[in-house]
Each structure stands twice: as C-alpha cells, then as structure tokens.
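Sequence lines, in order, name chains B and H.
In terms of numbering that gives the first Met the number 0, the first sequence opens at residue 0 and continues consecutively.
In terms of numbering that gives the first Met the number 0, the second sequence opens at residue 0 and continues consecutively.
Some clues are possibly wrong.
One copy or two, it doesn't matter: identical chains are merged, so the pair holds either way.
[What the hints assert, rightly or not] Mimicking SDA-like on lysine to any residue, the simulated pairs with C-alpha atoms at most 25 Å apart in a straight line are:
no., residue 1, residue 2
1, Lys177, Glu196
2, Lys129, Arg71
3, Lys177, His90
4, Lys177, Leu211
5, Lys129, Lys177
6, Lys129, Leu215
7, Lys129, Gly114
If you are wondering where the hints come from, they were derived from the structure by calculation, not from laboratory data.
There are 2 protein chains.
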Amino acid sequence: MEKVIDNHDLAALDQRFRAALVNSLSGFKSLNLVGTRSATGATNLAIFNSVFHLGAHPALAGLVVRPDSVERHTLDNILATRFYTINQVHHGIYRQAHQTAARYARDVSEFDACGLTPEYRAGIAAPFVKESYVRLGVEFKQRIDIGLNGTVLVLGQILQIHFPEQCQCADGYLDLEKAGTLAGSGLDSYHRTQRIERLSYAKPGVPLQEVLPEYLVEPGNFT
Amino acid sequence: MEKVIDNHDLAALDQRFRAALVNSLSGFKSLNLVGTRSATGATNLAIFNSVFHLGAHPALAGLVVRPDSVERHTLDNILATRFYTINQVHHGIYRQAHQTAARYARDVSEFDACGLTPEYRAGIAAPFVKESYVRLGVEFKQRIDIGLNGTVLVLGQILQIHFPEQCQCADGYLDLEKAGTLAGSGLDSYHRTQRIERLSYAKPGVPLQEVLPEYLVEPGNFT
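Chain B with its partners taken away, still in its complex shape (with noise of 0.2 Å):
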C-alpha cells in the first residue's frame, strides 16, 4: 500500500522519527571522511554523507555542513587552514568512520579515538586517511549560508586525487564497487554495492548498450 505524508503530518512527527524518514528521502548517499586541522594543528576527522559533485572542470566539491553539529569543528578548521581532505569510506573502515560522529571534546582527535591514521602530502595542509583508498585534496573556495535552516554548503576545488591504478577503467571512470566503497541511506546504513551496468550516452531514438569495464591496468591487489 502506497502511503502519502504531507507537509502538516511532518510537522507533527516526533523529531528523530522525522529526522530518520527525511534523511532517506534524497536516495542512497556517498560516504566521506573529512579530514582537517586546526591552526594550532590539532586533527579532526567526520564522516560526512553529503558529499556532491559540483563540477569537472574545474573540479569542484560541495559538502552540507549543519549548525550546531559535531561538524562545526570541521567547518570551523576548512574556515581558519582554507584546506580539507574528503576520503571515500570502504567496507573496511565504515564502523570507523560512523565512530567519528560521536561528540568528542574538541581537544581529541577523532583519528585517535576512532582508530584511524592521519596521512600528510606535499600541498595539501589537512590530513587524509590512510586506511582510505580514494582520496581528495581540497582547497576550500567559497562558503554559502542557507537561510532557510542554518545549514552551510562548503565549495571546494580538488587539487588532489589518490587512488589505486587497478580501479580505473579506460574512459576515465572510476570503479568505486572495486575499490570497497560504501553507499549510504538514511541517517546510519552501510550498503555495499552490486553494479548491474554502465549505460553508453544517451541520444533520441538510439538504443542504450552496457558499457563493458576496460581497465588500464591489470587487476591485482591494490592494498
């Protein structure tokens, strides 16, 4: 049975029955750690699900940050070092990565507390995650303030990639199934992924065709 929810009924939901319901309404999500450093160095690490695409050329990233959150500190670091790392969550290291949301004291690193390693690259001032296989350094370009409900949307462009050679394919693409990493739903699932196909570009009246994987390298083990 189809059931309809309005916008009175959600108004009259308890709040984190509400807040479970809306957070799965937008699809499954991508999953992030995102890594900062404070201007007297102190590291800090949160998973973010709000990661999205903005643009190819230049390459460029948003991220959702909400008020009054744990996410503050990260906010409050891109805002003071102007840099970030985002590093893709993996079968691996996902009970890790949703540790971080907890509220630690702002002197402890979620690195520390979480069982993660903070990784340091020429040009990029934020640690990555070593345990992360595909990695990006960010340089934080433009804040906007929603008026609407106090959420921040953070823009960044990506001056760095890190990834394992064996999971990109010929065009470019990058296969994330290969790599381990997970999508998200709603506030707090883990999904592994199955892909079915990739779809060749879309014209009018021309009929679709999979797009077979073609890797550039060999695949092997790539940890």
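Given chain B's structure and the hints, the job is docking chain H onto it.
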C-alpha cells in the same frame, strides 16, 4: 599501486576522460527523476544524480543544475511553475530513466519518449512518475547561482512524500533497498545495494551496535 593526479594533470586531460574521472570522486550518488511542467502544460522529465538532503525540519532537498544542458528545461519549468517532483529510480526503470538524459526537442515529453507515465496529485503542480515507488512533491524555495562554474543550486521544500508502507521501519527510516532504489556512480553506472548493517547513534567510548530492522507493517508485495 596508488595513482596521484593533481590539478595540473587534471587540466591537461581530455574533457570526457576528466568528466568521467571527476564525476567518480564524490562517491555513490542518488538517482532521481525530476518531473516538471511548463507554464503551457508541457511535461518534462530528467534524471539527476545530484539530489541531496539539506534538512529535515523543514524538509528540504537540493539539486545541482548544470548550465547549457538538457537540465535547463527542468530549471526553466521550476522557475515558471514553482513545483517539481523527485522520483527515486529503481531497478525496474533505470534504463528509461537514463534515456531521459537524451537531448530531446523542447516540444517532446520525455515521459512519452522514454516510456514512463505522468501522474498528478492534488497540491503539486508537477507530474510524478507513476512507475516510481518513493516520490516527493516539492515546492521551489531558492535559487543559488554558483559563480565558480555557472551551475545553479535549486533548493525546495518537500510537501508530499509517497512510499510503500512496507518499506518504513519503526523508527521512521525508509528501507530504500527494499524499495529497489538504485545508487549511481560516475555519469552512467547503475548499482543495486546490499545492506551491511545500520549502526547505533555514535557516542564517545560506547561500542557501536547493529540496529536490527523492525518494519511498521508486515512484509508483502508493494507493487
């Protein structure tokens, strides 16, 4: 082997290769069909992999619209009529959904061209996709022009939610996997999902627990 690509390498890449690569970097994506109607009543339908959760109270969703793309028909209609629908793509309609990305002439409805059915509900001046299971009726709230690359963020309030009641858990969460919703990656890859687990609310020093599913109504066929 880890491969590292920096922003100078990126700028030198072939445009399509770069687009396929950079579109893979944010992780898995939501897959939704956005339904609109023009001021003169012509229907439009377009697949988006950029719908994101913006807030639960009020219930807000965001959408990235690229410039000079077929998505502009969607933007024009939203600005003209102030309403749109967001319809999750499931495994039974993903090929039709992908085909909506073709550059049809403005007087062609993607509903007709791609074999999907418009359906109207009181209160929402835009067509839903009859074949979709999880569907949102949305009122336009704000347009944000991103100067960095000419994209447009469209923010809207969710006024109506349609879903199969068998998919809702007792805590409000919608089991999108049960609804057959797919995840996307890159520009053209479609994935089923397989839940590893839901995890309890993270607190410092408290071990995480699996949240076991408890559905509000008995399982059954919801189609």
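Numbered hints the structure breaks, given as an ascending list: none
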